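2 protein chains.
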Amino acid sequence: MEKNKSKVIIVGSMAFDNIKTHKSSVKNVLGGSASYSSIAASFFAKPKVIAVVGSDFTKKHIKPFHDRGVDTSGIEVRDGKTFTWAAEYDKDFKNATTISTDLNVFADFAPALKPADTQPEALFLANISPKLQLDVLKQVKKPRLIACDTMNLWIKNNKAQLLKLLKSIDIVFVNEAESRQLTGIYNLIKAGKAILKMGPKVVVIKLGPNGALLLTKDAMFQVPPFLIEEPVDTTGAGDSFGGGFVGYLASVKNWNNIKHIKKALAYGTVLASFAIESFSIKKLAQVKPQDIKKRFEIYSKSCRF
Amino acid sequence: MEKNKSKVIIVGSMAFDNIKTHKSSVKNVLGGSASYSSIAASFFAKPKVIAVVGSDFTKKHIKPFHDRGVDTSGIEVRDGKTFTWAAEYDKDFKNATTISTDLNVFADFAPALKPADTQPEALFLANISPKLQLDVLKQVKKPRLIACDTMNLWIKNNKAQLLKLLKSIDIVFVNEAESRQLTGIYNLIKAGKAILKMGPKVVVIKLGPNGALLLTKDAMFQVPPFLIEEPVDTTGAGDSFGGGFVGYLASVKNWNNIKHIKKALAYGTVLASFAIESFSIKKLAQVKPQDIKKRFEIYSKSCRF
Numbered sequence: 003m004e005k006n007k008s009k010v011i012i013v014g015s016m017a018f019d020n021i022k023t024h025k026s027s028v029k030n031v032l033g034g035s036a037s038y039s040s041i042a043a044s045f046f047a048k049p050k051v052i053a054v055v056g057s058d059f060t061k062k063h064i065k066p067f068h069d070r071g072v073d074t075s076g077i078e079v080r081d082g083k084t085f086t087w088a089a090e091y092d093k094d095f096k097n098a099t100t101i102s103t104d105l106n107v108f109a110d111f112a113p114a115l116k117p118a119d120t121q122p123e124a125l126f127l128a129n130i131s132p133k134l135q136l137d138v139l140k141q142v143k144k145p146r147l148i149a150c151d152t153m154n155l156w157i158k159n160n161k162a163q164l165l166k167l168l169k170s171i172d173i174v175f176v177n178e179a180e181s182r183q184l185t186g187i188y189n190l191i192k193a194g195k196a197i198l199k200m201g202p203k204v205v206v207i208k209l210g211p212n213g214a215l216l217l218t219k220d221a222m223f224q225v226p227p228f229l230i231e232e233p234v235d236t237t238g239a240g241d242s243f244g245g246g247f248v249g250y251l252a253s254v255k256n257w258n259n260i261k262h263i264k265k266a267l268a269y270g271t272v273l274a275s276f277a278i279e280s281f282s283i284k285k286l287a288q289v290k291p292q293d294i295k296k297r298f299e300i301y302s303k304s305c306r307f
Numbered sequence: 003m004e005k006n007k008s009k010v011i012i013v014g015s016m017a018f019d020n021i022k023t024h025k026s027s028v029k030n031v032l033g034g035s036a037s038y039s040s041i042a043a044s045f046f047a048k049p050k051v052i053a054v055v056g057s058d059f060t061k062k063h064i065k066p067f068h069d070r071g072v073d074t075s076g077i078e079v080r081d082g083k084t085f086t087w088a089a090e091y092d093k094d095f096k097n098a099t100t101i102s103t104d105l106n107v108f109a110d111f112a113p114a115l116k117p118a119d120t121q122p123e124a125l126f127l128a129n130i131s132p133k134l135q136l137d138v139l140k141q142v143k144k145p146r147l148i149a150c151d152t153m154n155l156w157i158k159n160n161k162a163q164l165l166k167l168l169k170s171i172d173i174v175f176v177n178e179a180e181s182r183q184l185t186g187i188y189n190l191i192k193a194g195k196a197i198l199k200m201g202p203k204v205v206v207i208k209l210g211p212n213g214a215l216l217l218t219k220d221a222m223f224q225v226p227p228f229l230i231e232e233p234v235d236t237t238g239a240g241d242s243f244g245g246g247f248v249g250y251l252a253s254v255k256n257w258n259n260i261k262h263i264k265k266a267l268a269y270g271t272v273l274a275s276f277a278i279e280s281f282s283i284k285k286l287a288q289v290k291p292q293d294i295k296k297r298f299e300i301y302s303k304s305c306r307f
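Chains A and B supply the protein sequences, listed in that same order. So the first sequence is numbered by our numbering: it starts at 3 and just counts up by one. So the second sequence is numbered by our numbering: it starts at 3 and just counts up by one.
To be clear, the hints were calculated from the coordinates, so they are not data collected in a lab. Quick caveat: nothing in here was measured; it's all calculated off a predicted structure. Heads up, some of the hints might be wrong.
Since the list can't tell identical chains apart, any single copy or any two copies may satisfy a pair.
As the list claims (entries may be wrong) - Derived lysine-lysine pairs resembling DSSO-like cross-links, with alpha carbons at most 30 Å apart: (1) LYS303 / LYS133; (2) LYS143 / LYS116; (3) LYS83 / LYS161; (4) LYS195 / LYS93.
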């Protein structure tokens, strides 16, 4: 897995998280959509992160990215504080309640790609505002693969921009609630088909503890989760899933072959299973390629009849 | 699939259902746990139904069972009316609200096996009171396989009897809510493990639109659903799943081989997918073995990475 060095540009947030679960809590741990997704993608490709952090973001925070071969030269350091998110999960991680969101330096994030970064193999527009996602999209020259994530806030407040973005996207990741909010359709299969009509070639509806549902023009199927008996913190599971998914597809020729798309689903699932076994990126950053291979095999075998 | 004629005794309810969904409604259609599960099991084994009906249960109602080779000689016809259940589903079948339950002749059901029926290959105690399930269990001589289903009502009102039953059972089917109610544990994997400790060798937690979670002492995995875009009526899905599951296992040697258990999960899933495509047993009874084979192959292929 480590050999392939396809370049993947990942644009998203880097944050400090304050997380409370029913068992414990942590303060100021590394989080953000770009953090989780770039670490996950690094097992398959060469991610370059485009993000912004404050002056409180130190060498200690950058080290895990370097250890995983993530290019951090696109992370802009500004005077001020790093984006901070505080949330509390209810029992068994059914819901996260946001306690506070301090955008800090993230408020003025204006991602600008260097000329050398405008022709990546793949572009992953992780969860940031559709306006910024569109800005980045304008700066790149036809990557083979463009994927995006989004969230309820943007569907509510920036729907027109999101719909514009979806017209130029290959793969979109949404969760159940987002797929319903975006389409007004409760039935997930119908919602997925409606999103396909908005432009993307592949729609992935993340089902949390129930795996994921994938739809293309020609195929649809649901995959189960990789079972983790006791998640520590589900923050970043979706980002890790997306990063693993996109990273894997960036590493193959003809990503739109359904066999590759299925493998991407499986790898995304496996990466997410590691992400939820610790707070922050701790477990994810320590994973070895052989750990991923092993879980992929267990997962793949468990799904074989 | 049709060749194997292992005898499976299925004890459960036969009913007339009045069902209202968000799209349409039906009155006095054939339903009941024994009806769905015996038709589903008939594709793999030779089911004999032990049940009770009223004098309003006519030849027309018996015909689909005969057409599928189900032995109906154990169905007792009593003066009075057949058990009737009326329910209304909310949008997308998330919840069924019982409008009325008229036990009628079912109130005095006292299943008595004929001597010739006391040595079946398999026994499926479909959803009836644990008291009756225990009564039947006493009448059989060591079937190779004993499975049971249950429901919230019995967990609430007859828990001691249910726990006694579980000590003598190989396979138990519960849904998410039942697994939590039975154990007091929200986490499904932990709930499943707690149920394993109550006696069964295999615990199957039915997840409705999200497939099923299976646990044994040595293995656990979740399988996705067979996707049906627009279910007509989900009544009997769990019974058809259980009937297909048990029927398939009755047809193989060494049912407790994990490979067979996984195939049983897949066949149960496929049978349930047919059950929800019509009201009553209509679609299920019309299915041909090749239809099952085809769906099994689609399902199996979609799960292969």
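Reference check for the pair LYS303 and LYS133, CA-CA at most 30 Å: within, between, both, or neither? neither (42 Å within a copy, 40 Å between copies)
Regarding LYS143 and LYS116, is the shortest C-alpha distance of 30 Å or less found within a copy, between copies, in both, or in neither? Only inside one copy: LYS143 and LYS116 sit 12 Å apart there, 78 Å across copies, limit 30 Å.
Regarding LYS195 and LYS93, is the shortest C-alpha distance of 30 Å or less found within a copy, between copies, in both, or in neither? Answer is between; shortest inter-copy Cα gap is 19 Å, intra-copy 32 Å.
Between copies, within a copy, both or neither: which fits LYS83 and LYS161 at Cα up to 30 Å? within (29 Å within a copy, 57 Å between copies)
When held up to the earlier numbered hints, the structure conflicts with hint 1 and nothing else.
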